[in-house]
Amino acid sequence: MAVNYSVKEEADGHPSGGVGVPGGGAVKTRKPDNTAFKQQRLPAWQPILTAGTVLPAFFIIGLIFIPIGIGIFVTSNNIREYEIDYTGTEPSSPCNKCLNVSWDSTTPCTCTINFTLEHSFESNVFMYYGLSNFYQNHRRYVKSRDDSQLNGDNSSLLNPSKECEPYRINEDKPIAPCGAIANSMFNDTLELYRIDNDTRIPITLIKKGIAWWTDKNVKFRNPTGDGNNLTALFQGTTKPVNWPKPVYMLDSEPDNNGFINEDFIVWMRTAALPTFRKLYRLIERKNNLQPTLQAGKYSLDIAYNYPVHSFDGRKRMILSTISWMGGKNPFLGIAYITVGSICFFLGVVLLIIHHKYGNRNTSADIPN
Amino acid sequence: MNLTVTVPNSTRSPSAGTTLPCLSRQADLLLLSSSEPHGLCYIETAELDGETNMKVRQAIPVTSELGDTSKLARFDGEVICEPPNNKLDKFGGTLYWKENKYPLSNQNMLLRGCVLRNTEWCFGLVIFAGPDTKLMQNSGRTKFKRTSIDRLMNTLVLWIFGFLVCMGVILAIGNAIWEHEVGVCFQIYLPWDEGVHSAFFSGFLSFWSYIIILNTVVPISLYVSVEVIRLGHSYFINWDKKMYCAKRRTPAEARTTTLNEELGQVEYIFSDKTGTLTQNIMVFSKCSVNGHSYGDVQDVLGHKAELGERPEPVDFSFNPLADPRFQFWDPGLLEAVKLGDPHVHEFFRLLSLCHTVMSEEKSEGELYYKAQSPDEGALVTAARNFGFVFRSRTPKTITVHELGRAITYQLLAILDFNNIRKRMSVIVRSPEGKIRLYCKGADTILLERLHPVNQDLTNVTTDHLNEYAGEGLRTLVLAYKDLEESYYKDWSERLHRAGSATEAREDRLARLYDEVEHDMMLLGATAIEDKLQQGVPETIAILTLANIKIWVLTGDKQETAVNIGYSCKMLTDDMTEVFVVTGHTVLEVREELRKAREKMMDASRSVGNGFSYQEKLSSSKLTSVLEAIAGEYALVINGHSLAHALEADMEVEFLETACACKAVICCRVTPLQKAQVVELVKKYKKAVTLAIGDGANDVSMIKTAHIGVGISGQEGIQAVLASDYSFSQFKFLQRLLLVHGRWSYLRMCKFLCYFFYKNFAFTMVHFWFGFFCGFSAQTVYDQYFITLYNIVYTSLPVLAMGVFDQDVPEQRSMEYPKLYEPGQLNLLFNKREFFICIAQGIYTSVLMFFIPYGVLADATRDDGAQLADYQSFAVTVATSLVIVVSVQIGLDTGFWTAINHFFIWGSLAAYFAILFTMHSDGLFQMFPNQFRFVGNAQNTLAQPTVWLTIALTTVVCIVPVVAFRFLKLDLKPELSDTVRYTQLVRKKQKTQHRCMRRVGRAGSRRSEPRGARRDRYGQA
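Here the protein sequences come in this chain order: U and X. Sequential numbering of the first sequence, starting at 1, is according to this note's numbering. Sequential numbering of the second sequence, starting at 369, is according to this note's numbering.
Note that these hints are calculated values from the structure, not bench results. These numbers were taken from a predicted model, which means no experiment stands behind them. Among the hints, erroneous ones may be present.
[To be verified] Pairwise CB distance ranges, derived in the manner of DEER restraints:
1) U:Pro202 <-> X:Glu549: 47 to 53 Å
2) X:Trp527 <-> U:Asn100: 15 to 21 Å
3) U:Pro254 <-> X:Pro559: 29 to 35 Å
4) U:Ser105 <-> X:Ser566: 29 to 35 Å
5) X:Thr944 <-> U:Pro47: 45 to 51 Å
6) U:Asn100 <-> X:Glu549: 18 to 24 Å
7) U:Asn133 <-> X:Trp576: 55 to 61 Å
8) U:Asn217 <-> X:Phe529: 44 to 50 Å
9) U:Ser323 <-> X:Met1294: 49 to 55 Å
10) X:Trp576 <-> U:His119: 50 to 56 Å
11) X:Met1294 <-> U:Glu171: 28 to 34 Å
12) U:Asn133 <-> X:Leu1352: 53 to 59 Å
13) X:Phe529 <-> U:Glu118: 54 to 60 Å
The C-beta atom is built at its ideal place from N, Cα and C for all residues, glycine as well.
With the rest of the complex left out, here is chain X:
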């Protein structure tokens, strides 16, 4: 398809820079002209691909002159381009204007989602709008999200419905037989209804009657109650003070109320990097100059200080041009500068000269730097604060204020950075006339190009570099080289020739660069901290302990991603191996994955004994072997490899390899790939996935995962709008999952178990009664009791439990992340648990009917009248039922707040109050046909036999449950039980201590300090 865009109407004429970022959020634009020379335009694409460095876009030369609106209005070109697609880095098209053809590429495009930087304004032509934009093409379809418990619940309700029909059929058959055998003879007292001529038809009618009276077994109110509970949990998330970010003044927010309990079952977390794990701030944190490392936080005595007790940062007030936001904690470096250490001076001189940063000085002393990459900005700013202030640049000069003196260097050449060279250099001539090359670059590259005399220094610096890298810092090595005037002349001539060559220009330039960047002198190294968000490593550590696997999916480049992996402790030096998959073809990728798997299997073979390995191999597929892998591995995969790995024939292989690794990092992935990775795990792992991100490039992943979390922070709001939960700090995730999620899951499971139990206990009594009333669909209870049972008598206590219950306090679930495991394994509510609840309900219903039956059948009241009349029987059964289910909820409630007390006791009180009201004279006088149980409550409940029956029923129903639970607690306690128990013991000990101290034997017999108990556990 060819898309033709006609011009004038489709372009809003943005006159100021502010309107265009707005516009660029709506459509993909073809850049026509901008405020910068040559139609250049700087953009940041963090929302598109997560990369934070600035990118340059350029208008094609013919349109770059269309600077003002009058010229623009006369622009009438025609664009023919590719159809809308999701490729963020490719664009092809042609502009037809004034009978000329101009090819268009991605270099000319401003995509929706990018943000203008350092550009006052620009004009663009809308190419794609709305859903056709590349960003929207990358976002997946919105799906209706449901929790697994929801799905299970639906299945169970269907089963229950089937069960209901079965009961109906059984009772209908019973009715037909009864009517045929007994009812037919009983007609002298009870003739059949009009229209009923056969037992069979009577059975048919009775089927429907039973469906109606037994329908309470299909819990209609369940759905409403579940929603109420979820709403409550959502409010708790919104209200949580500990998930409120004071800096951004944003509380956490549950944007959907339907997914809460799934937060307690998460097994995989897919995280974006930029803005999610990192703050997107680069900080110059350490450096090594001439074999001396600076930057450790030191206390007054010069020792390494512990975190948290940081001393005052270094005072830069001597320097009027210093950036007040810059902080550095090691005063040693500044002293070295002041003492005039030539190495340190040269070090900072390099930093102030060797870069591509642009400066802007709006007023005297107010410097702003425009850096293409934040790393560079951080380095130049560091130099600025230490007294080497980069002031301004022209194409031929760089002006630097060195400790107050303005010095202008002649810029002879810039040897640009690229991905293969991994270094950049400048060649400058100082005012004294010396020519010097300054170079900074990746350590692997640069250390090989040093002069051999540097050997000793290199060794020291390498140690420092390793130390920095271990801390997850991004390192660069700095070096210089003095050039002879004559050599430089020769070289620059050759450079000029190469630059104007038409053939193999790049190659020739590269060779020349290579030649000059040789035998350099090592100056030192810098370490930049890609500042993590607060608490990220701790959060990741805790989540890992909770058996949650964390995958980082980022659009950033591999080195950055791996660095972050180290700094947030996802990757550690203790890991057996980090596999890096960077293959460009299907075969390469497959081979790399295969090798990784083989290595892991070899390792586990050598660790585990041969027998178990053989057994495993014979019994199962590769998967189980991989799951039992010994040792810690990590996988780093590149976007282009991932594209192959995600293809249908390799995805299982990829997934198995990735899942065997402790950490997975995917770098250079597109938004759509992020979603595909999530989809892959969802498809094969049957695990709950959570995606967390902050930018528009995370939207598709957030939408695909079971749970999407948006970081409401820096990168706009798209992610938040697509998310299910949002907060402003990654570290809140641990609280969301381990506290809120865990509780939600626990509460929901307990709630469901009890709910099914109480409805079965209630309804099944009708079934048993059916066998004694001629299967006539007579209810056991008063109609009002049936109506109110689910609404009034039993709904609130279980709701209160569902909303407020806690098994262990919140700080314990952080302390023992293993507490999260039952949710992942889906232990608390599954089909088995459901059947146990149902069995308990049926057991209760049997006792609920047959104990009163046994007692009351021949019983008489203490005034001689019959006791087993229908109404007294109904009241007895109903009362015991309400008491039994109340005791049961009391047992289930683990956390009795005042509200729980109020609801449980209140429900009981309400039952008796309503009972006596319904059976009162007054209501009967008004509606004799509606309240025919008049006088029943006081007559029946005055009988000791009735109360003895109720007590007996309660005990018989509850005792087995208590015994069973006690045995389980005693013999096979869950972790949460143990934690609770330990807490109870501790509390008791505390009070004991207090008592003993009061008595005056303070500390003489400390029951057992915590450490000692640990030791004993250890021995056991």
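So that you can see chain U by itself, here it is in the shape it has in the complex:
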């Protein structure tokens, strides 16, 4: 046999070496290695969606989510929250007179709003101011700051970042703190009184401890230099255009003044959405016998400095207690209950479908 059998040697001198295979000499065998990796035989876990795994998963998700949802919902409902809109757009509102206040006005406009708490606030109470239709998340707004300056960097203090434009330099002096965020800092003053038999008892509002620890201690720092005199340290800078007074006069206490003023820090942490609330003051529970804020009449004194009417903004004052999961949050609880129920329901539906129509075990043939 094999008369015409002929293996042609590579007479034309083309090596049949591969593109991917290292050329190697004639000595080196070109036989591929017999490794699990190269032969695609790596041990592997091959999960399949079967009724045995999917349906229990659905039921378990349902069974976990529904109690969590109920828990959140109950917790959220136990939280006391009280909200007053003091923008003053309605003519009847006491603050209506201040509606058209502007940054330039020198005389403060004050107004007082009386309100009644139906239920007492038992634990610590947090006082917020809320703004609506205020675009703290606008791209140009968000970027308009110089974190280097706010961190106490001296060169940035005198030469703020370009991002701060047009609030970078005023009258040839660098603005400290520069930028649109700082410039538009909320500057209403809110004071709370309990009216007890026509006497106004002021309620102590704590203004420290409202900012993140990292913000207060890491991110924001006053400029450093000789001595602790902030006035001297901020020498050569000017106040933001809208501000009535410079940054080193925000507060009397040195550890709450300058860039590390907590109201300022809270403001500088820009909101994600155009409607937001920011922590303003804390009201601590004094003793265990009395609720922090007992039910009754209160009055809110507002030094109305912050104009929002021009862009249809709203201003609110919110009093709220807190739980393990923060303030009132009905959405989360309801969402959890809904999703849990849907999962459970889906589980039931799928179970029925699987029992009625599921055909994998019975009729699915493998055509050969």
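Chain U is already provided as a structure; the job is to place chain X on it using the hints.
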């Protein structure tokens, strides 16, 4: 154009035989002289036309004397010939030399690609070189090959780009309106940028800003990742041990890395025959002598043995002249020879005498045969081993060693083989003086010319012949006839006269031959196996089951091709009909095609009920009717018919007919026709085509097809160099397609789906956020997150899936070839799937934005501070996004290797690690303006509300997907799902068995053996 060739410089003077084959690979030569007498030159043209028999070329007599270099140097002829063309079998030209004209024909040419055989050396004159050679004229243009997924991907990317512009426009309009309505009033806190004086201009600027921040939706990294995955798949092909041929020591090789997933979509395979399906080895495998069939493989007890348990081959050691490579498994034949059965002796005597083989005996006992066709060689070698050794021949004698005795026969006449006669005979005078005619030839011809006394024997032999043909063997019938001295004398005189006649010489000779080859006595029949490559029938069977249509395109003649068709089970006896198209004119071909179609349609009409047929006829064209044909048909078409069939007005007709057939064999086709056939299918069928071949004659086809596969084997390297994939055995094709191709396609599709999904889920959040930030192009995420999302957090898990994923193990894809079908139908990634992915991505992005929005809008931290500050919001959304897409890739990954685990968990870990690093004090101290998210991670992620939000988002994003997939699996499972599921069940049963056995109730409650389940399926 006339081409003039000046002589001396253009001929390298090849002195040894080895240099000329090299030269003949570069240029078309005019044969001037050779080492053989009369300037003869034997060549093999397998690389040109696939034919493996030897051909003779002859130098024109005047140049054949130019044997040595000094004479050659004085040769100064001039050749005027036709311009370069692609006709391999025609050449016309004239040699002008010494004021004489000599006509030149194809008989004088050595074409590029042919190989010298049995010729020590030859000299030639270069006529065409380089791209002008006939071979190069036959190779098509190289085209840049791209996969259909590639093209689809480009379209989709364009669409996505359009979508991006749309989003940009919407948001820009939103911005203009917002600035006009709100922004204008908000200027006390946020004045417009310098240079922006109108809301419209602001909108214009915001358009570009949005184009920039939303650009992640156009996945730039997609292209890189796709290439990486393809590279990985190519390496897997290179590394595959099961595609390594130990004999030739060649591994499979992916020569391009861009076509892998198309291997999973092949619908048509165009295969060469010689060297691809066959090994190009002829083996004497069976014979029938005097009504007794020999050659079945038998075991010790004399029963037919199963394949695989072959006994020892017959021992030929008694014969010192035997060819050691010859193997035969039936000892019966040798016994018959030894017992002196006169029929068997006569049978082998015929084989040793009736042929045109030349022998060469370099040293005593070392015989070499030079055969023009491998069939003849195989027969003569068989006779040699059985003790009838053809030793040598002169023009007048043939010397044969018959069982050790040297006998010289006088050779009186050779009645040559040709295509019309389909037989050859010799007339010899034995030493005893008897004159005998020995004849061998095709059964159809020869059986008619037998003496009537042979009737019984003929019937038995015909049965044997049918049996052999059914096995795909090439059969010949052998017969002899004793001639009277007087009759022979008369006949030879007439022959002499006819031979010297000037008119109608051929006809007269043919009539004389016809006369003498009559009333012959039947000796028997031989069956030669054109040895297939290993595993060819199995491979073809599996590929056919996988719905891949296989067309054989060969330069060989029709009988050979059909034989191979039978032996590799492409053609079977069960087929309703095999149509053979051999028409020489346009009309004939058209008529034959029309008849074939009518027959197929008649059959389907009679099978299907009339109603459905009517309906089909009214609703559609011929095509759909032909596609729904009942019964199995095959089409065999000849090269000259194909030339007509490929013409513009008939090609559709041809294609429809051919596609309705289960098997198509085109024989006697030129390389260019091969390419044209491929092109035709590509053009009208919109199917993925694969061409596989091994010779230079396949190059154009390999280049034309979507995927070209080269067999790196016997016929040189041109095919491999032009191919996209190469390996050394045809059978590897099934693994390349069904395993590697299928996986590649699956992986690529899964990869693309996920990739588009994750980018949409990621980017669209910006779009929704736009409505809440005054369309100001504020991003939702930290800039570093945006940078790293595609590169670090989500790239590796999906890459790992794209490289390693497997739905069913490799042996299953061979077991169930139907698993290949989704690729052919393009089910796993198409426009519909794309939109589903996009929809899922958008759905995820909506939840990704609005759930945190709903939760965080009024939420406060557990220390009373505001929770919904921008940075916390960004971290919450980013974290839920990373978790959701990680869970999603976990769902998509069907094959969790250690690498997948590492990448998925590693990506999550990397996310948190990088997050905490980016938000750390240290980095902020160094670059306060770059890392302004300081302290954010630990503050935000310490909040239970945030984690509850993330969990909620994840569940809401994933649950519908799981539910949907489960329903699909449960109600409409794909075959691959079923296979996976069955495997899981089997595995469980196995472990159950093991447990039960351990408990001691072995086998008492076998859950359900495989067969039983099959039965139940069957009933259902």
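Checked hints:
Range check, proline 202 of chain U to glutamate 549 of chain X: about 42 Å between beta-carbon atoms, so the 47 to 53 Å window is missed. At roughly 52 Å, the beta-carbon separation of tryptophan 527 of chain X and asparagine 100 of chain U lies outside the given 15 to 21 Å, and the hint is violated. A hinted range of 29 to 35 Å holds for the C-beta pair proline 254 of chain U and proline 559 of chain X, which are about 34 Å apart. Checked against the given bound of 29 to 35 Å, the beta carbons of serine 105 of chain U and serine 566 of chain X, roughly 30 Å apart, stay inside it.
Checked against the hint of 45 to 51 Å, the C-beta distance between threonine 944 of chain X and proline 47 of chain U comes to roughly 47 Å, which is consistent with it. Distance hint check: the CB atoms of asparagine 100 of chain U and glutamate 549 of chain X are about 20 Å apart, consistent with the given range 18 to 24 Å. Between asparagine 133 of chain U and tryptophan 576 of chain X the beta carbon distance is about 27 Å. The supplied range of 55 to 61 Å is therefore violated. Hint check: asparagine 217 of chain U to phenylalanine 529 of chain X, Cβ distance near 47 Å, so the stated range 44 to 50 Å holds.
For serine 323 of chain U and methionine 1294 of chain X, the hinted distance range of 49 to 55 Å is not satisfied, since their beta carbons lie about 38 Å from each other. Between tryptophan 576 of chain X and histidine 119 of chain U, the C-beta spacing of about 53 Å keeps the proposed range 50 to 56 Å intact. Roughly 33 Å separates the CB atoms of methionine 1294 of chain X and glutamate 171 of chain U, a value that falls within the hinted 28 to 34 Å. Taking 53 to 59 Å as the suggested C-beta distance range, the pair asparagine 133 of chain U and leucine 1352 of chain X conforms, at roughly 57 Å.
The hint said 54 to 60 Å for the Cβ distance between phenylalanine 529 of chain X and glutamate 118 of chain U, and at roughly 58 Å that hint holds.
This entry does not satisfy hints 1, 2, 7, 9, going by the numbered hints stated previously.
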